[in-house]
Amino acid sequence: MFGEEYDVIVVGGGHAGAEAAAAAANLGSKTLLVTMNLQNIGQMSCNPAMGGIAKGQIVREIDALGGYSGIVSDKSAIQFKMLNKSKGPAMWSPRTQNDRMRFAEEWRLMLERTPNVDFYQEMVSGLLVENHKVVGVKTSLGIDIRSKAVVLTNGTFLNGLIHIGEKQFGGGRAGEKAATGITEQLVELGFESGRMKTGTPPRVDGRSLDYSKMIVQPGDAIPEKFSYTNTKPLAHQRDCYMTHTSAMVHDLLREGFDRSPMFNGRIKSLGPRYCPSIEDKINRFADKDSHQMFIEPEGWETVEVYVNGFSTSLPEDVQFKALRSVVGFEKVKFFRPGYAIEYDYFPPTQLKHTLETKLVENLYFAGQINGTTGYEEAASQGLMAGINAHLKIKEENPLILKRDEAYIGVLIDDLITKGTEEPYRMFTSRAEYRTLLRQDNADLRLTPLSHAIGFATDERMKRMEQKLEQSETLVNYFRETSVLPKDINPIFESVDSSLVKQSDKMYKAFSRPNVTMEHMLQLQDVSNFVKQNNFDSEVLEQAEVQIKYSGYIAKEKLNADKLHRLEAVKIPANFDYSKLKSLSFEAREKMTKIQPVTISQASRISGVTPSDISVLLVFLGR
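Positions 1 to 622 (UniProt numbering) are the ones given, in order, by the sequence shown.
Keep in mind that the hints were calculated from the coordinates and are not lab data. Backbone N, C-alpha and C fix where the C-beta goes; we use that ideal spot for every residue, glycine too. Just to be clear, a hint being listed does not mean it is correct.
To be verified - Dumping the calculated BS3-like pairs for lysine-lysine here, alpha-carbon to alpha-carbon at most 27 angstroms: (1) Lys352 / Lys570; (2) Lys548 / Lys501; (3) Lys268 / Lys85; (4) Lys333 / Lys133; (5) Lys167 / Lys281; (6) Lys87 / Lys352; (7) Lys268 / Lys281; (8) Lys352 / Lys30; (9) Lys418 / Lys557; (10) Lys486 / Lys232; (11) Lys557 / Lys531; (12) Lys501 / Lys85; (13) Lys321 / Lys333; (14) Lys394 / Lys486; (15) Lys562 / Lys352; (16) Lys133 / Lys358; (17) Lys548 / Lys133; (18) Lys548 / Lys87; (19) Lys268 / Lys288; (20) Lys548 / Lys505; (21) Lys87 / Lys402; (22) Lys570 / Lys394; (23) Lys281 / Lys331; (24) Lys562 / Lys402.
What the hints assert, rightly or not - Each pair of labels, with its calculated beta carbon distance range: (25) Ala286 / Leu620: 21 to 31 angstroms; (26) Ala221 / Phe585: 54 to 64 angstroms; (27) Ala568 / Phe427: 21 to 31 angstroms.
Model the full assembly from the supplied sequences, consistent with the hints where possible.
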């Protein structure tokens with residue numbers, strides 16, 4: 001049945017696996033996606049949403065590179081919101097609520113329409129390894145399937161253990177069995193493994209809720225979209241709602257703490273710091289009498305509702321009793337209780353920047369197996385692993401994104417260089433060049449890189465070049481065109497800005513605080529110029545950001561150039577740090593373990609000091 005050798009085998013069909021398979025196949029590799037249940041490809045295991053703070057930027061980056069997540073999100077969206085609009089553009093983050101069933105269906109259909117992708121439903125129980133090089137996988141039925149590269153994207157399935165109160169049972173997700181065999185083999189091969197935890201809230205029947213007692217959370221009046229392709233923005237949207245817990249709800253939850261696996265020692269692993277369970281929130285923030293809950297519909301037609309903010313592993317009777325005391329939930333009916341899940345992961349310091357493992361050649365890890373949490377983080381790793389697996393077997397240069405090029409670059413560099421002992425989630429604060437890494441310019445940053453390796457299509461490249469050209473045309477128009485006081489002063493007056501007595505360049509007027517593109521379009525000359533050139537909203541947004549934040553952008557580019565100088569200083573492979581006695585003991589120990597490729601990467605390792613870097617530079621003749 002599997003007589004021929006595949007180029008790439010992807011194990012797991014979640015967000016990481018789906019992107020990895022699509023990427024490798026679209027680049028030309030003959031790809032096999034092996035998953036335990038083909039009906040669950042692209043499954044949203046937790047909340048029915050994509051994007052959010054920093055995560056929305058990642059989805060845009062995936063799309064700019066040629067991945068599918070942005071397109072799937074747009075096609076299955078039921079609501080769109082641009083978060084942090086009141087802050088600077090570096091913080092603007094797109095987010096969609098999605099129809100869970102349509103999201104998975106769209107992923108399945110897009111993969112089936114992708115040439116070079118084959119599918120097989122079974123559990124992979126081991127790897128075929130010869131001379132420290134992976135050459136395929138072994139299934140639970142004992143079938144050997146050979147390939148040149150393997151990408152592991154096992155999510156929460158590796159020895160997964162589900163907890164609901166004092167009950168625990170094996171599973172990678174509710175209703176699905178755990179995957180066994182891979183962890184044990186990898187440990188035998190010399191890999192270090194660990195355990196992590198994540199959780200999910202109850203799903204409830206929306207017909208049993210009283211929405212009139214809750215606060216409506218509508219989508220944007222003029223919704224945008226994720227993808228830079230020709231997907232359509234939403235014509236209508238579904239509302240979400242907000243309610244709150246109370247002191248009484250907290251007291252009812254505390255009654256079950258003695259039966260909580262989090263507090264009685266059954267769960268020993270760490271959960272995501274920035275997405276804690278409701279019992280963890282009550283315990284950590286004992287002074288707060290109330291916490292927000294967001295009520296998110298699971299789709300256009302279904303009555304199933306996701307209770308965001310009430311993740312829990314407490315006994316089901318405690319969950320039910322407490323939730324019935326929440327405003328609007330007095331008659332709530334459960335579809336399924338919340339639960340926690342523990343699973344194996346492999347500290348990502350064991351990987352190269354390509355996501356290839358250091359111990360086994362042509363073996364790649366992506367997603368929660370690397371200690372991350374979140375669909376977007378997983379999808380971006382899957383994309384990069386799929387790309388680099390293809391490039392490696394074709395003996396081409398890898399695609400490694402720098403920290404000033406993409407949030408994906410920040411994510412992977414953080415994992416490889418610093419590792420993680422708790423589920424890693426991306427935030428804008430993790431990126432030192434976030435003014436450069438905006439959601440509006442992901443295509444300008446990444447599409448040329450992707451097109452150069454043959455991934456992003458000519459059509460995507462042409463669209464990006466047109467946007468860049470039009471944006472520059474509009475910026476130059478503002479830079480070169482003057483405006484009279486009688487035309488601009490009414491705008492200044494409306495935003496409480498000082499008036500002018502003589503004409504000046506539009507660029508200078510536009511640079512003032514509180515003056516927006518909307519204001520500038522009130523000028524007849526500007527409005528006519530925009531209409532004549534048929535500039536769309538993306539071009540207008542890009543031009544506005546370039547004008548109003550030019551100083552900040554220039555400063556960050558300067559800092560990024562300094563970083564690149566350190567990136568140019570390579571450290572020889574398998575460098576023996578023990579012979580540099582001037583290095584601190586901690587620096588020698590950590591650099592020996594991580595084996596940084598450049599001086600810049602070495603400088604980001606926790607515990608490596610500036611003096612250690614100086615010692616290295618001297619030794620390397622720099």
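Status of each hint after checking the structure:
| no. | hint | in the structure |
| --- | --- | --- |
| 1 | Lys352 / Lys570 | holds (15 angstroms) |
| 2 | Lys548 / Lys501 | holds (22 angstroms) |
| 3 | Lys268 / Lys85 | violated (39 angstroms) |
| 4 | Lys333 / Lys133 | violated (52 angstroms) |
| 5 | Lys167 / Lys281 | holds (22 angstroms) |
| 6 | Lys87 / Lys352 | violated (36 angstroms) |
| 7 | Lys268 / Lys281 | holds (18 angstroms) |
| 8 | Lys352 / Lys30 | holds (24 angstroms) |
| 9 | Lys418 / Lys557 | holds (24 angstroms) |
| 10 | Lys486 / Lys232 | violated (40 angstroms) |
| 11 | Lys557 / Lys531 | violated (32 angstroms) |
| 12 | Lys501 / Lys85 | violated (33 angstroms) |
| 13 | Lys321 / Lys333 | holds (11 angstroms) |
| 14 | Lys394 / Lys486 | violated (64 angstroms) |
| 15 | Lys562 / Lys352 | holds (23 angstroms) |
| 16 | Lys133 / Lys358 | holds (10 angstroms) |
| 17 | Lys548 / Lys133 | violated (52 angstroms) |
| 18 | Lys548 / Lys87 | holds (13 angstroms) |
| 19 | Lys268 / Lys288 | holds (26 angstroms) |
| 20 | Lys548 / Lys505 | holds (14 angstroms) |
| 21 | Lys87 / Lys402 | holds (25 angstroms) |
| 22 | Lys570 / Lys394 | holds (24 angstroms) |
| 23 | Lys281 / Lys331 | holds (24 angstroms) |
| 24 | Lys562 / Lys402 | holds (13 angstroms) |
| 25 | Ala286 / Leu620: 21 to 31 angstroms | violated (52 angstroms) |
| 26 | Ala221 / Phe585: 54 to 64 angstroms | holds (59 angstroms) |
| 27 | Ala568 / Phe427: 21 to 31 angstroms | holds (29 angstroms) |
When each numbered hint is compared with the structure, violations occur for hints 3, 4, 6, 10, 11, 12, 14, 17 and 25.
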